[in-house]
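Engineer: Each chain, written out:
Number of protein chains: 4
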Amino acid sequence: MEIKQAIITGFMGKLKDRFSEYHESKTPVEKIAAVAKVKGAKGVEIVYPYELQDLDRIKKTLKRYRLGVAAVNVNIKGEPEFVKGSSSVNSKKLRDKAIQFICEGMDVAAKLGADKVTCCPLSDGYDYLFQVDYQQAWRNMVSTFKEAARHRKDIFLFLEYKGSETRVNCYLDTAAKTLCMIRDINEPNLGITIDVGHSLMVGETVAESLCLAQSSGIPYYIHINDNNKKWDWDLIPATRNLWDYLEMLFYLKKFNYRGWVTSDMSPVRLDPIAAFERTIDTTEKMIKIVKRLDSKKLESMIREERTIETLTWLEEQVLR
Amino acid sequence: MEIKQAIITGFMGKLKDRFSEYHESKTPVEKIAAVAKVKGAKGVEIVYPYELQDLDRIKKTLKRYRLGVAAVNVNIKGEPEFVKGSSSVNSKKLRDKAIQFICEGMDVAAKLGADKVTCCPLSDGYDYLFQVDYQQAWRNMVSTFKEAARHRKDIFLFLEYKGSETRVNCYLDTAAKTLCMIRDINEPNLGITIDVGHSLMVGETVAESLCLAQSSGIPYYIHINDNNKKWDWDLIPATRNLWDYLEMLFYLKKFNYRGWVTSDMSPVRLDPIAAFERTIDTTEKMIKIVKRLDSKKLESMIREERTIETLTWLEEQVLR
Amino acid sequence: MEIKQAIITGFMGKLKDRFSEYHESKTPVEKIAAVAKVKGAKGVEIVYPYELQDLDRIKKTLKRYRLGVAAVNVNIKGEPEFVKGSSSVNSKKLRDKAIQFICEGMDVAAKLGADKVTCCPLSDGYDYLFQVDYQQAWRNMVSTFKEAARHRKDIFLFLEYKGSETRVNCYLDTAAKTLCMIRDINEPNLGITIDVGHSLMVGETVAESLCLAQSSGIPYYIHINDNNKKWDWDLIPATRNLWDYLEMLFYLKKFNYRGWVTSDMSPVRLDPIAAFERTIDTTEKMIKIVKRLDSKKLESMIREERTIETLTWLEEQVLR
Amino acid sequence: MEIKQAIITGFMGKLKDRFSEYHESKTPVEKIAAVAKVKGAKGVEIVYPYELQDLDRIKKTLKRYRLGVAAVNVNIKGEPEFVKGSSSVNSKKLRDKAIQFICEGMDVAAKLGADKVTCCPLSDGYDYLFQVDYQQAWRNMVSTFKEAARHRKDIFLFLEYKGSETRVNCYLDTAAKTLCMIRDINEPNLGITIDVGHSLMVGETVAESLCLAQSSGIPYYIHINDNNKKWDWDLIPATRNLWDYLEMLFYLKKFNYRGWVTSDMSPVRLDPIAAFERTIDTTEKMIKIVKRLDSKKLESMIREERTIETLTWLEEQVLR
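Residue numbers (the working numbering), protein chains in the order written: chain S, 1 to 320; chain Y, 321 to 640; chain F, 641 to 960; chain V, 961 to 1280.
It is possible that part of the hints are untrue.
Said to hold, decoys possible - Going by beta-carbon spacing under 7 Å, a handful of chain S positions derived as facing chain F: (1) Y128; (2) L129; (3) Y134; (4) Q135; (5) T174; (6) A176; (7) K177; (8) L179; (9) C211; (10) S215; (11) E247; (12) Y257; (13) I302; (14) E309; (15) T310.
No wet-lab data here; the hints were simulated from the structure. Note that the Cβ used here is the ideal one computed from N, Cα and C, for glycine as well.
Given only the sequences and the hints, what does the whole structure look like? Please build it.
Structural biologist: This is how it looks when you write it as structure tokens:
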């Protein structure tokens, strides 16, 4: 396992929810500069198109701060015409715009030296029963992502699932449904973005979803945060679900994951720099614990389902 | 039962969530004009201070459109310094500002001919464990609302509960906890605002919470909408939980409720005028059904727990 | 659409939960006789091995009451040695016993004139984090069901998913994960059992899961009941989630479903006969409503996302 | 803080759920003997009437093993006629039987040297909407518990809340509603039993509920276990929600709690002795951590809402 930690730049600027706004606006360059201040941050996930209008400047800024690019996050929900969906809608014109965004995002990713774009189609869903034709929406999504993925084989398209928000029900809600979609798309350069909080929120055990992706041979990419299992609060990791976080990292080690793990933590009422440092530090701490664990011993206890022994041993290894 | 339907004016303007914005901005006067276009709307709930800067103009506009005021909604979460709470915080200065808002809101309510303000302290809560001192926060809230309620006895202060949002945990999360707080405040002019969606979201049966308030002798005021029981989606009423809605209205009839029932429905991806008309029409429809029901028969079936008979009879009465 | 309604015989006997017992024990023959008393019941789902020890007698009894067999429900969780799982466990001996149960169940189904067995592997899961190896468990399940399915091609093996109970987490938790497993098993005679309550409980929209199965070309079979979306309460259908139930039936009509729809309703505190009659009657009522709906009109409103019109029209069509 | 750990004897015998049975039946004396084998167990919570038929023998057995009695658990749901409720029902005869059980339980508690009975009215609730009259049920419960509490002032009656199970909705669902009921009962010898899992399952923060009781001056008693926040799985404490457990213990220390903390953990698929030892050991471990924490420092960080510092410091104190 070789993990590099990145930060989603968007969380360094102004944040909002339905009722309030938090922190000051920042330009993309300022956001990158802010990421650079976070001890331990080695890269960014950056949003196309909104933060990548001036690509050269971004490239220079990243170089200056020696930050890599974990992924380009292609936003296909933010345009006013995308509020009722983009990848899933019946309008070919709108779907084409979403495809165009993804393709351009892939080109930009290549220029930035990233190997992937990640895309979370949050407005693709529904709020009311009897509102949409689920089969048609699925077909539309498959066709959108297929066309986008075929744009270039050297860049991966990662799909990020989430159960709700902004729609009451998002189509791509679970790890398993994302794998179903990836099989239906049937292109070689697809991956799945597992956001720890999204996974917890739909009732998954994060490590189990990771294993499902690993067994399917689908590459995965990790967003980290935490929540109360009810909503995507984007809290600092391991502050609510410590054991889930450790278990996920244990499997990343088992699968010898080499790549980015990216903070999708939202520091709404916290100092962003400090909150991201906490996110990175706590993750480093957990990685250290996981590396320290005797995998053979643990795996053999699991294999033989010696559960109480496992729990006792884990407590000894983890707690002071 | 004599129900007048009102609309929260805020939902007539620009709406937003974490990721998107919906509809155009409107001035308070324009919002009132929009409410006036909704067939069946007899009044507004309007936000102090943000929509009541020019009180005279608002009064005139309301008069012109013959709209009543169900309540003045005092917003004690919107100010930048309120993002970590206002009624519950340790800073007396901030609490005083919240008190001042409520008192001014009460004065404005009186001038508008309303009998109450309603206040939903959504930033009063916490996101992390070990973040706050729960006892101190409770004491602070009790003291804030007590001082505010004592400002004038002729206007009621209604407290609106909600489980989360914007905080992961809001202190005033359930009907029962609100009643606990109201008893601790111990002033005669307190009430409880029961938002159907908030109640569903924390796992309450709305009718049961209504009964709890009724039995406690605490006046209640109703916000209507619907959701999937997981989050406060502010959907059109009865589109997900038809029977819950009917049952609540059945008890409003039983208690001979005479007053406002106010749309807290958020038409993010819908035409606002049409969506509020749907909200009002579906509510009228349900009221008609409830009025048509033979209460004595229903109550006697309930008393004797003849559940299957009740379900059969209800289906006959309600479905075509 | 041509729907025949059946009843799971098990619910006609003694029922229990953690704390209480309900109703009297009945022999399998008595249970079938009880089903025959339910107006509208045309068949049974019956449990192998526990209710099919004396196959000839069961056959005769079914014939006598002119009841069909919707499915043989193969129970691979009830044996004492199955409490920690059967299809997923590392012990080949235990897995073989589960396979044997399913194969025998298939043979019995053929003899009873049924076209399928259905199997809900509820003890296959975990309670603690770090308790199991998720990948190994998945492989074990795939191998178990593959070997069972290959026993005979003329009988289908339907897998029924459920999020929890009896394990905190069951492996086969959602429709999408079941489809993933069915693809991994890769045999022609597999199907998916969609239990309305299981689907609601994991946050699915039932109609959407149905569409997913339909689009995948996987046959589906329906268990009906209702709940509060939190737990599998096996309530009478449409008593909590009326619109979800109607929408599912609307898609069954759209897909011209011809087959069994089976009551998985648990009459713990109700008279069983009356409760099943209510289940069948309310389902008949909903089917009648759905058949009455002008599908073309509804589909065109959905296609054009004229949501408010749809909601208005549905209310007119459905409510008195 | 001086905590003695007890075990609910019932969990030492045969356990069951809807689908399976676990472990062998044991007599009450055998169950006590089993508790005595658990290192660290100092007492029992024992069920009246079912485990206390032969009081003298139980007394002797407890004495022999030097086990105290944390509480007598009065079961008012287990009798066949109690399946639709006991404390809340309209039948005075049934309510009287519930009262009689509680009164006898109090007498038995006195004889056993315990200071309280605890009662969790799980069958008092409803499954369907329009099934019960919520006001009447509340009045019935208040009257039942009032009459019971008045039986003798030297023994406390603790009410234990739970959101569901066995009813879809139990009346006494949250800490706050229990406090409302206790105020309505208005007798001096009432207390609240806070079961960690019940609290988590209804979305409470356990420490916050504890604070609510403490501030209300109502005595509390603690049942320990853990779950996934969705259902009362009665898992070993701190295996899912470590921080919640620590925070609760931190407040017990702050309030200088002196009394019993009782295992309500269900070892369905585990060796009971080992599972209870794990429960006690992990609790001892957490108590040790909490005692080690510099309270002044932590409280001042909380008071000043220096959240990130708090999280950092806690991680240093708690994790290896």
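Engineer: Each hint needs a verdict: does it hold in this structure or not?
Structural biologist: Checked hints:
| no. | hint | verdict |
| --- | --- | --- |
| 1 | Y128 | holds (6 Å) |
| 2 | L129 | holds (5 Å) |
| 3 | Y134 | holds (4 Å) |
| 4 | Q135 | holds (5 Å) |
| 5 | T174 | holds (6 Å) |
| 6 | A176 | holds (4 Å) |
| 7 | K177 | holds (4 Å) |
| 8 | L179 | holds (6 Å) |
| 9 | C211 | holds (4 Å) |
| 10 | S215 | holds (5 Å) |
| 11 | E247 | holds (5 Å) |
| 12 | Y257 | violated (14 Å) |
| 13 | I302 | holds (5 Å) |
| 14 | E309 | violated (11 Å) |
| 15 | T310 | holds (5 Å) |
Of the numbered hints stated above, those contradicted by the structure are hints 12, 14, listed in ascending order.
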